[in-house]
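Undergrad: If you're matching them up, the sequences are chains A and B in order.
At position 224 of the first sequence (counting the first as 1) the number is 224 in full-length UniProt numbering, and the numbers step up by one without a gap.
At position 76 of the second sequence (counting the first as 1) the number is 76 in full-length UniProt numbering, and the numbers step up by one without a gap.
These are calculated hints, taken from the structure and not from any lab test.
Some hints here could point you the wrong way.
Stated by the list, open to error - In silico negatives: residues of chain B with every beta carbon more than 10 Å from chain A:
hint	residue
1	43
2	62
3	108
4	254
5	255
6	266
7	287
Unchecked claim - With a straight-line Cα cutoff of 30 Å, these simulated DSS-like cross-link-like pairs (lysine-lysine) come out:
hint	chain 1	residue 1	chain 2	residue 2
8	B	159	B	135
9	B	308	A	32
10	A	234	A	146
11	B	199	A	113
12	A	146	B	253
13	B	308	A	146
14	A	146	B	316
15	B	159	A	146
Built from N, CA and C at the ideal position, the CB exists for glycine as well.
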Amino acid sequence: MAIDITMPQLGESVTEGTISRWLKQPGDSISKYEPLCEVATDKVNAEVPATISGTLAEIVTGEGETVEVGHVICRVEEVSEGVDAVDENKESQKAEKVQVKAESPKPATGSMKHRYSPAVLRLAQEHNIDLEQVEGSGRGGRITRKDIQELIDSGKEKTEAPIPMTVTGKAESKGAEQQPSTPAPEEESGDEEIPLTRVRKTIAQRMVTSKQEAPHAWTMLQADVTGLVKLRNKLKDDFKKREGIPLTYMPFFIKAVVDSLKEFPRLNSVWGGDRIILKKRINISIAVATEDALYVPVIKDADEKSILGLAKAVHHLAEKTRAGKLTMDDLSGGTFTVNNTGSFGSVASQPIINHPQAAIISVESIVKQPVIKDDMIAVRDLVNLCLSLDHRILDGLIAGRFLNRVKERVEAYGPDTQI
Amino acid sequence: MPILSYIDAVTLALREEMQKNPRVFVLGEDVGVRGGVFRATHGLIDEFGPERVLDTPLTESAIAGVSIGASVYGMRPVAEMQFADFIMPAVNQIISEAAKMRYRSNNSWHCPLVIRAPYGGGVHGGLYHSQSVEKLFTGIPGLKIVTPSTPYDVKGLLKSAIQDEDPVLFFEHKRCYRLIKGEVPEEDYTLPIGQAEVKREGTDVTVISYGLTLHFALQAAEELQKEGISVHVLDLRTLIPLDKEAVLQAVAKTGKVMIIHEDNLTGGFGGEVSALIAEEAFFELDAPIRRLAGPDVPAMPYSPPLEKEFMLNQEKVTHAIRELAEF
Numbered sequence: 001m002a003i004d005i006t007m008p009q010l011g012e013s014v015t016e017g018t019i020s021r022w023l024k025q026p027g028d029s030i031s032k033y034e035p036l037c038e039v040a041t042d043k044v045n046a047e048v049p050a051t052i053s054g055t056l057a058e059i060v061t062g063e064g065e066t067v068e069v070g071h072v073i074c075r076v077e078e079v080s081e082g083v084d085a086v087d088e089n090k091e092s093q094k095a096e097k098v099q100v101k102a103e104s105p106k107p108a109t110g111s112m113k114h115r116y117s118p119a120v121l122r123l124a125q126e127h128n129i130d131l132e133q134v135e136g137s138g139r140g141g142r143i144t145r146k147d148i149q150e151l152i153d154s155g156k157e158k159t160e161a162p163i164p165m166t167v168t169g170k171a172e173s174k175g176a177e178q179q180p181s182t183p184a185p186e187e188e189s190g191d192e193e194i195p196l197t198r199v200r201k202t203i204a205q206r207m208v209t210s211k212q213e214a215p216h217a218w219t220m221l222q223a224d225v226t227g228l229v230k231l232r233n234k235l236k237d238d239f240k241k242r243e244g245i246p247l248t249y250m251p252f253f254i255k256a257v258v259d260s261l262k263e264f265p266r267l268n269s270v271w272g273g274d275r276i277i278l279k280k281r282i283n284i285s286i287a288v289a290t291e292d293a294l295y296v297p298v299i300k301d302a303d304e305k306s307i308l309g310l311a312k313a314v315h316h317l318a319e320k321t322r323a324g325k326l327t328m329d330d331l332s333g334g335t336f337t338v339n340n341t342g343s344f345g346s347v348a349s350q351p352i353i354n355h356p357q358a359a360i361i362s363v364e365s366i367v368k369q370p371v372i373k374d375d376m377i378a379v380r381d382l383v384n385l386c387l388s389l390d391h392r393i394l395d396g397l398i399a400g401r402f403l404n405r406v407k408e409r410v411e412a413y414g415p416d417t418q419i
Numbered sequence: 001m002p003i004l005s006y007i008d009a010v011t012l013a014l015r016e017e018m019q020k021n022p023r024v025f026v027l028g029e030d031v032g033v034r035g036g037v038f039r040a041t042h043g044l045i046d047e048f049g050p051e052r053v054l055d056t057p058l059t060e061s062a063i064a065g066v067s068i069g070a071s072v073y074g075m076r077p078v079a080e081m082q083f084a085d086f087i088m089p090a091v092n093q094i095i096s097e098a099a100k101m102r103y104r105s106n107n108s109w110h111c112p113l114v115i116r117a118p119y120g121g122g123v124h125g126g127l128y129h130s131q132s133v134e135k136l137f138t139g140i141p142g143l144k145i146v147t148p149s150t151p152y153d154v155k156g157l158l159k160s161a162i163q164d165e166d167p168v169l170f171f172e173h174k175r176c177y178r179l180i181k182g183e184v185p186e187e188d189y190t191l192p193i194g195q196a197e198v199k200r201e202g203t204d205v206t207v208i209s210y211g212l213t214l215h216f217a218l219q220a221a222e223e224l225q226k227e228g229i230s231v232h233v234l235d236l237r238t239l240i241p242l243d244k245e246a247v248l249q250a251v252a253k254t255g256k257v258m259i260i261h262e263d264n265l266t267g268g269f270g271g272e273v274s275a276l277i278a279e280e281a282f283f284e285l286d287a288p289i290r291r292l293a294g295p296d297v298p299a300m301p302y303s304p305p306l307e308k309e310f311m312l313n314q315e316k317v318t319h320a321i322r323e324l325a326e327f
């Protein structure tokens, strides 16, 4: 059994030594502590003593060679008895050690499949990867960042199917959600996220459709409704008593609009892509706001209704809207929209057309103002009438004429008008 | 290009700077006639004379204090602490005077001073000759702390340290002195203080280290390459100022970070690097940040088996990196 003799550590920071001279040659017998060779280091010159007795079997590092501390420099054949026994003992110890090592299992780790690291979550979100579908190569099946990176690099990430929008018409194919040019807004800490309700989504979609599809033009006229104000003031108490509902200005304006629509049927039409469809029925959509949404229920065949009938229809639809009891029938079939923006104090607005109608009118607040009438300054009740029109269907001239007829009609009301 | 040992690079840098600038001088215990106990100043006294190579009394507080005074006066002292362990009596001078001189005098005075100190174990030095002391200073603003790991970096960074206008602690791992050899250009070059270096590109685990343990990491990386584990290795080279950008870039390479140093775990500089990563690279992380460091025991044991147990080595580093790679 040959024992390795190694380069000894001959001082602090000494990491290597150079054999300057061998004092023994292979075959020489050696007694313990007898010098084997001379070694030179940066700091000292020293002799390397034998650590055992025996015969020098082999010189590994020749004279002049420099080797690291711990490197074998020669081998000595040991001569003492009982070597085998010692060796055997050593071997069996070694074996035992190995066995012990093999038997101590690693602590069992539970499944790591759903333990996602920050990097994995970030990458999965950035690349729309469904982590449930990914095989993890980490400990306990954990998905590693490298797993995701390889998936992305291979271009095979399983993207989630986008939630389909309820498409209600061909014209709505360019919905709000499919707007590619809109960058995602940046969210800061403290910002609140409000998930979209179905109604909000529909409103968003319809507004985008209308604004994108219909080239909006806008015009406004001022009407003197001093007579109408007097008329309503005269009638309203009796009306309330008799009919059980308040008399508002709305039915008068709707009546004026409806009568003018009969004169200008072009306003009561819809865009049909390659043609314009003039609607025979006059169904007036009225805008009714609730706290978080806007509905446009429809007064069917408004031209067949009197002021009283219109008042009842408006009241009825408003009640139904606020109670959340509108039916699909209440909401469909409108041909023209009257918007009562004056109800919240507005004096001018640019309404968005209720797609696919041709135009929309806003009735603003009635405000007392000094005006010149018959070369005298007078206090009159004035109202702005705002009209947005689809310029594909209508031009300014016809829209202006229509709006003027509405103005004439509302100005014609007086304290003695019969309703 | 000549191959030099780590300590020869120290001597070369000192010699070149002393030749170039007559204001540069060295001082310390046995640095003159003896040439330093590690031979770092070997031959300097013959070339520059005893006025520029000063053998001092065994009084580290005086070595630091004299250096501070001389530097404020316009000299460029390079002080040697014979062992980093011996720096303790000089700590008051270093922290309360040198580190604060520029700040306290509102920029009127400054200390262009270098303190060299051999640190670290693995040389059978026992309790008083093996300590890692860098963490005692990393939390002191006003000091620069350089911990090179290769002869090339030693020369470039020591020359930068001597030319620096503020106090620099230059920690040399004494086990590296004659163990680590490498090419060192003969020409006059410097390396910027505060710049880390990628020693090896990899994709599975990022190892951040400095000094002797960096070499264990490189050896481990070589070993693990055979198993298909690719290790990215960053040598910090300078602890203060820390090259944050390089650290964050290295983290982004793999998302699995192991910080290795010989200084003990608690309060070691790895904690600071770890905090930086947690604060600024959270979404890059794919595994908990691991630190591999010396154990929290009072000192390096003298007993060889215990010293071996205390010291990191290639096997321990390889094992730890493999564990992290498998996570």
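Undergrad: Now, for every hint given, state plainly whether the structure supports it.
TA: Against the structure, the hints come out as follows:
1. For residue 43/B, the shortest C-beta to C-beta distance to chain A comes to about 13 Å, beyond the 10 Å cut-off, and the non-interface label holds.
2. Consistency note on residue 62/B: stated as away from chain A, and its beta-carbon is indeed over 10 Å from all of that chain's, at 25 Å minimum.
3. Against chain A, the non-interface label of residue 108/B holds: every CB pair exceeds 10 Å, the least being about 41 Å.
4. Its beta-carbon lying about 8 Å from the closest one in chain A, residue 254/B breaks the requirement of being farther than 10 Å from that chain.
5. A beta-carbon of chain A comes within 10 Å of the beta-carbon of residue 255/B; the shortest separation is about 4 Å.
6. With a cut of 10 Å on Cβ distances, residue 266/B stays outside the contact zone with chain A, its closest approach being about 24 Å.
7. Residue-level check failed: residue 287/B sits 6 Å from the nearest beta carbon of chain A, not beyond 10 Å.
8. For the given pair, residue 159/B sits about 23 Å from residue 135/B by alpha-carbon distance, which is consistent with the 30 Å threshold.
9. Restraint check: the Cα-Cα separation between residue 308/B and residue 32/A comes to about 26 Å, which is no more than 30 Å; the hinted pair holds.
10. In summary, the hint linking residue 234/A to residue 146/A is not supported, as the alpha carbons are separated by about 81 Å, beyond the 30 Å threshold.
11. At roughly 34 Å between alpha-carbon atoms, residue 199/B and residue 113/A are farther apart than 30 Å, so this suggested pair is violated.
12. Among the hinted pairs, residue 146/A with residue 253/B is consistent with the structure: their alpha-carbon atoms are about 10 Å apart, no more than 30 Å.
13. Of the pairs offered as hints, the one joining residue 308/B and residue 146/A is violated, with about 35 Å between alpha carbons and a cut-off of 30 Å exceeded.
14. Taken as a hint, the residue 146/A and residue 316/B pair is honoured in the structure, with Cα atoms around 25 Å apart against an allowance of 30 Å.
15. Straight-line distance between C-alpha atoms of residue 159/B and residue 146/A comes to about 41 Å, which puts the hinted pair past the 30 Å bound.
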